[in-house]
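Spelled out from the first residue to the last, the chains are:
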Amino acid sequence: MKQKEIAALLDEPACAHNKKSKSGCAKPKPGATAGGCAFDGAQIALLPIADVAHIVHGSIACAGSSWDNRGTRSSGSRLFRIGMTTDLTEQDVIMGRGEKRLFHSIKQAVEEHKPAAVFVYNTCVPALVGDDVEAVCKAAQARWGTPVVPVDAAGFYGTKNLGNRIAGEAMVKYVCGSREPDPLPASANRLGHRIHDITMVGEYNIAGELWHVLPLLDELGLRVLCTLSGDARFREVQTMHRSEANMMVCSKAMINVARKLQDAFGTPWFEGSFYGVRDVSQALRDFARLIGDDDLTQRTEALIAREEAKIDLALEPWRERLRARKVLLYTGGVKSWSVIAALQDLGMQVVATGTKKSTEEDKARIRELMGQDAVMLEDGNPRALIDIVRQHDVDVLIAGGRNMYTALKARIPFLDINQEREFGYAGYTGMVELARQLVLTIESPVWRQVRSPAPWATAATQHVEAC
Amino acid sequence: MTEILKRNKALSVSPLKASQTIGAALAFLGFHRAMPMLHGSQGCTAFGKVFFVRHFREPIPLQTTAMDQVTTVMGSEESVVEGLRTIAEKNNPSLMGVPTTGLAETQGSDVHMAVKLFRDKYPEYDAIPVVPVSTPDYTGCLETGFAKAVEAIIRTVVPTANEAGTQPGRRRHQVNVLVGAFLTPGDLEELKEIIESFGLRPVVIPDLSDSLDGHLGEEDFSPLTIGGAQVSELLTLGDASATLVIGYSMHKAADELANLTGVPDHRFDHLMGLEATDALIDVLHRISGEPVPAKLERQRAQLQDAMLDCHFMLGMARFALAGDPDLLTGFSQMLAGVGAETVAAVSPVNAPSLQRAATESVKIGDLEDLEKLARSTAAEVLIANSHGVESAQRLGIPLLRAGFPQYDTLGGYQKTWIGYRGTRQTLFELANIMLTLEKGEIHPYRSIYAQKPEYREVVNESDAATATGGLHH
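Chains B and U are the protein sequences, given in the same order.
Numbering-wise (numbering that gives the first Met the number 0), the first sequence opens with residue 0 and increments by one.
Numbering-wise (numbering that gives the first Met the number 0), the second sequence opens with residue 0 and increments by one.
Misleading hints may appear alongside valid ones.
As the list claims (entries may be wrong) - Below, computed lysine to aspartate or glutamate pairings styled on EDC-like, alpha-carbon distance capped at 20 Å: (1) U:K451 - B:D181; (2) B:K408 - U:E453; (3) U:K438 - B:D181; (4) B:K113 - U:E296; (5) B:K408 - U:D304; (6) B:K325 - B:D217; (7) U:K451 - B:E218.
FYI, nobody ran anything at the bench for these hints, they're computed from the structure.
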């Protein structure tokens, strides 16, 4: 990928902060950087497309340490769970055999797994030695008749966030618009209301949480043409251009997809979240608003009223146990503001939140929810997180999986909110699971046992302070 | 306070209970060169033998007084005398045990008198201790029979301090350890290692870890137990500096030993979980005057870390437990320590220790009761002996095997549940079982409008063609 193209991806006109501070797209600092590379971001964004053969073109480190390591779920095809890489050898690199190996790899994947399409992720080594991945993909597609999509996402191009955009860019460039949606099923007409087509961009169906929301959309007559990319199929991605309204779900990782679909097809989009009662309702309202169908708006309001009443009742016993508990929130991909609202719905107090990946707009929303004095953490190094827990007497740390063991070593209750987690928190029903998991860790008897000294330990040898 | 729900049906279905009689036999098997002889019909012994052979996968020395029609009607004391003589003559054992069965007790057989007759008639075998114990199978369970046998062995063999001139603490490093039937040979090995790490010498009564630990010996055949506590050691118990008692069921045996010898004791309900193990280590630290070894401190820290890692899976996890009272109580407390809940508990008999079980109520009953309870309380994992396999299958939940008998897997007898290490391993195993349940899984929802090809019965061929043709590079 050319420097110019990378710069174009980083310069995202739809980002509100693009006019001023660039905190959302800051450069990584050597020696003090955590977080994934562009390849990581691209793979994470597209891997959930279930019936695609995802081939990582590169030496083993890229696929070897990342395959089959994600909480996303499919309702059918499991092809995406099979790790595929060209596993380049020294000879391949020196002798320039990478392209040939890739070509044969694609053949093997097509013949053995009959994928709906092949995605080829370019990585650092082949990018550096100059493999023409795009040309190989083109030739392979012509030869075997299966779509082959290059995703040029070498790690050194930039951060995970950039990788998300590269992935989105590849979808818009090569896939969206290459097929018209299926005709509506005959049964759809019997329901008596109009069916509208929508998509969700940046929704990954972690732990299957999208399935908490889909029944509601079905009930409203909203056909999800595609979720990019949770539980998606290649043929769904092809039809995204026909959507009437797009929802940008996860941060602004793939904001370029929403913008480009708007530029090319005039599809309106909004940014929303399925975490927390307030945000789920808001997302449903936003769909109705953008589509502009009065009947839909009315039915949406009725559904929201019904679901909110139901979930309010289900959450009541959990609220009792969570009221006034203090939370330190340090999220990775998930939007802080959305989770803050969800936690406040449960009666909890969010004392501080991480904003490393937040945009200026995100921060404004956080201030709105937490007040002007909201503690925002730009740099969430483990020491800083633990210090805040101690200073504010925090009851639970909510963060990504990599911080889990930091928290546990410091004897701090923890909830995993990142993409590797096993539990789905989206939708109205997801809130009950979130509450349950919070209570489970906060009220666990293990904290008392790991904080108290051994009975034989004298005062002088006590190194573990109760906290 | 745990509520005890009494048995309220006539028929016992999928019984959980194993008899007192074989529990007593098991206690004798924990002594070196011992031979238990069940006083009853020969079937009592044959069944008991198969029970233990399948569990331990070892040859099991077990004899019978082989009561027949004549002795059953006319009196069976002579059978006991002859049986003891035969064993003494053929095998020259170090200890003979005579647990009674339901048949002998119902008949009114006086086994104590029979042993006295044997002594009078065959004084040449006076050096071999003979321990009669009343263990009819219509009361109690394996745990109580085991405890009664240990109590009888102590009463019969251990001399009073006056008789033997023993003095508590004379053997400064010796610690007597009375262990209940719920400790496996693997548990006992761990326990001995912990005690030894304080520079103490444990005398384990009875010591199944030396006899039924599954080791390959030099001898090609032995009609008696190979390994186990030395009977001669019983004479030295009064010189020990302390006695450790593991299991509530052993309290009477402990009282007996304390009365005879005056050695102070320390009692533990069980040794599962951090706090229970801490209590043991603290006592050993105080008895020995030695600092807690760094190795144990390390194991403790490892267990704490495992508790943290596992609490996500085990917190609010719902367990169904079936087992004899000590095992049940130990497991329930260990589970409660990591936030898990015992939602169904069944014990074959009532016991005071059940009051300390960490559960709302304990049903006195069988595996059918457990199955019903587990179903109504939506238990997620079953902990029971191998008979629980069928129940677990019908419930559709996984089973962790614990207790007697375990005949369908290998190595159950060698499993270590206790101490920091054993608890840690148990927690990992339970957490892994929870992970297999995929609790967080949300059932896939298929949208009625979805364009996913696998939802449709026939994939439209022309569709697939457009899919490839429409791409532009």
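Checked hints:
| no. | hint | result |
| --- | --- | --- |
| 1 | U:K451 - B:D181 | holds, 10 Å |
| 2 | B:K408 - U:E453 | violated, 45 Å |
| 3 | U:K438 - B:D181 | violated, 35 Å |
| 4 | B:K113 - U:E296 | violated, 56 Å |
| 5 | B:K408 - U:D304 | holds, 7 Å |
| 6 | B:K325 - B:D217 | violated, 37 Å |
| 7 | U:K451 - B:E218 | holds, 19 Å |
Hints 2, 3, 4, 6, counting from the list given before, are not met by this structure.
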